[in-house]
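Peer 1: Next come the chains, spelled out residue by residue.
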Amino acid sequence: DQQVKQNSPSLSVQEGRISILNCDYTNSMFDYFLWYKKYPAEGPTFLISISSIKDKNEDGRFTVFLNKSAKHLSLHIVPSQPGDSAVYFCAASDQGGKLIFGQGTELSVKP
Amino acid sequence: DAMVIQNPRYQVTQFGKPVTLSCSQTLNHNVMYWYQQKSSQAPKLLFHYYDKDFNNEADTPDNFQSRRPNTSFCFLDIRSPGLGDAAMYLCATSRDLGRLAGVGETQYFGPGTRLLVL
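Protein sequences, first through last, are from chains B and P.
Using this note's numbering, you'd call the opening residue of the first sequence number 1 and step up by one each time.
Using this note's numbering, you'd call the opening residue of the second sequence number 1001 and step up by one each time.
Treat the hints as calculated values from the structure; they're not laboratory data.
A couple of the hints might just be wrong.
[Said to hold, decoys possible] With a straight-line Cα cutoff of 25 Å, these simulated DMTMM-like cross-link-like pairs (lysine to aspartate or glutamate) come out:
(1) P:1038 x B:106
(2) P:1052 x B:94
(3) B:68 x B:24
(4) P:1017 x B:94
(5) P:1044 x B:31
(6) P:1044 x B:15
(7) P:1044 x B:42
(8) P:1038 x B:84
(9) B:54 x P:1053
(10) P:1017 x P:1051
(11) B:98 x P:1062
(12) B:98 x P:1077
(13) P:1017 x P:1057
(14) P:1017 x P:1096
(15) B:5 x P:1077
(16) P:1017 x B:84
(17) P:1038 x B:24
(18) B:110 x P:1051
(19) B:98 x P:1057
(20) B:5 x P:1053
(21) B:54 x B:15
(22) B:56 x B:42
(23) B:56 x B:15
(24) B:98 x P:1051
(25) B:5 x P:1085
(26) B:54 x B:31
(27) B:68 x P:1051
(28) B:110 x P:1077
(29) P:1017 x P:1059
(30) B:98 x P:1059
(31) P:1038 x B:42
[As the list claims (entries may be wrong)] Facing chain P, from chain B, some residues (calculated, C-beta under 8 Å):
(32) 26
(33) 28
(34) 32
Remember, it's a predicted structure, so these values are computed and weren't measured experimentally.
Using N, Cα and C, we set each Cβ at its ideal position, and we do this for glycine too.
Can you build the whole structure from these sequences, using the hints too?
Peer 2: Structure, rendered in structure tokens:
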């Protein structure tokens, strides 16, 4: 029973264009959402987060959008750069603080 | 730089031979977590310590144990590794568990230890 799903295992984007990574969740008790970036042979690195009281959070080239009614969040990267090529995990937590991760989406940004 | 450190980065052990993975942190965070991640899968939480309080996930096998002798260090012990235990083991920390004013806690991960069981 997957509470957090990333339905696209991979995404390929041209350098300079927008990358959109999607994530769906089923548990309405989740109120804090995070995106992590992971390079091969390294641990996940925190990228950006959003609380359920907001619908958008922006940090430089990275923007996370939250649609609570659809139980959907997305990460936009604009403009995409080759160094953004990595696996991106979304994660969600409830009041207990435990993180539930999606399976990840591998982003490839081509020059 | 404050960080989460895991040693070793790669560990090879034999089937059934006990192995210990270590994690240390300089963030002075209260909570330390251990995750197991297998290829193309989401990280799976095994257990966490909130200060000295140990919290085991319901589906974590008894084969996996943990120790936290002080704030900075946390160990993962696998008593009798099986072939199915080969995975990346990730340590993470967070300042706290609780939630203040709707702001969640971010977890910070170490680089991971890749375990190979022969």
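Peer 1: Confirm or reject each hint.
Peer 2: Checked hints:
no. : hint            : verdict
1   : P:1038 x B:106  : holds, 15 Å
2   : P:1052 x B:94   : holds, 22 Å
3   : B:68 x B:24     : holds, 10 Å
4   : P:1017 x B:94   : violated, 37 Å
5   : P:1044 x B:31   : holds, 20 Å
6   : P:1044 x B:15   : violated, 32 Å
7   : P:1044 x B:42   : holds, 16 Å
8   : P:1038 x B:84   : holds, 23 Å
9   : B:54 x P:1053   : violated, 33 Å
10  : P:1017 x P:1051 : violated, 29 Å
11  : B:98 x P:1062   : holds, 20 Å
12  : B:98 x P:1077   : holds, 22 Å
13  : P:1017 x P:1057 : holds, 24 Å
14  : P:1017 x P:1096 : violated, 34 Å
15  : B:5 x P:1077    : violated, 30 Å
16  : P:1017 x B:84   : violated, 39 Å
17  : P:1038 x B:24   : holds, 21 Å
18  : B:110 x P:1051  : violated, 45 Å
19  : B:98 x P:1057   : holds, 10 Å
20  : B:5 x P:1053    : violated, 31 Å
21  : B:54 x B:15     : violated, 29 Å
22  : B:56 x B:42     : violated, 28 Å
23  : B:56 x B:15     : holds, 24 Å
24  : B:98 x P:1051   : holds, 15 Å
25  : B:5 x P:1085    : holds, 24 Å
26  : B:54 x B:31     : holds, 10 Å
27  : B:68 x P:1051   : violated, 33 Å
28  : B:110 x P:1077  : violated, 41 Å
29  : P:1017 x P:1059 : holds, 22 Å
30  : B:98 x P:1059   : holds, 15 Å
31  : P:1038 x B:42   : holds, 14 Å
32  : 26              : violated, 14 Å
33  : 28              : violated, 15 Å
34  : 32              : holds, 3 Å
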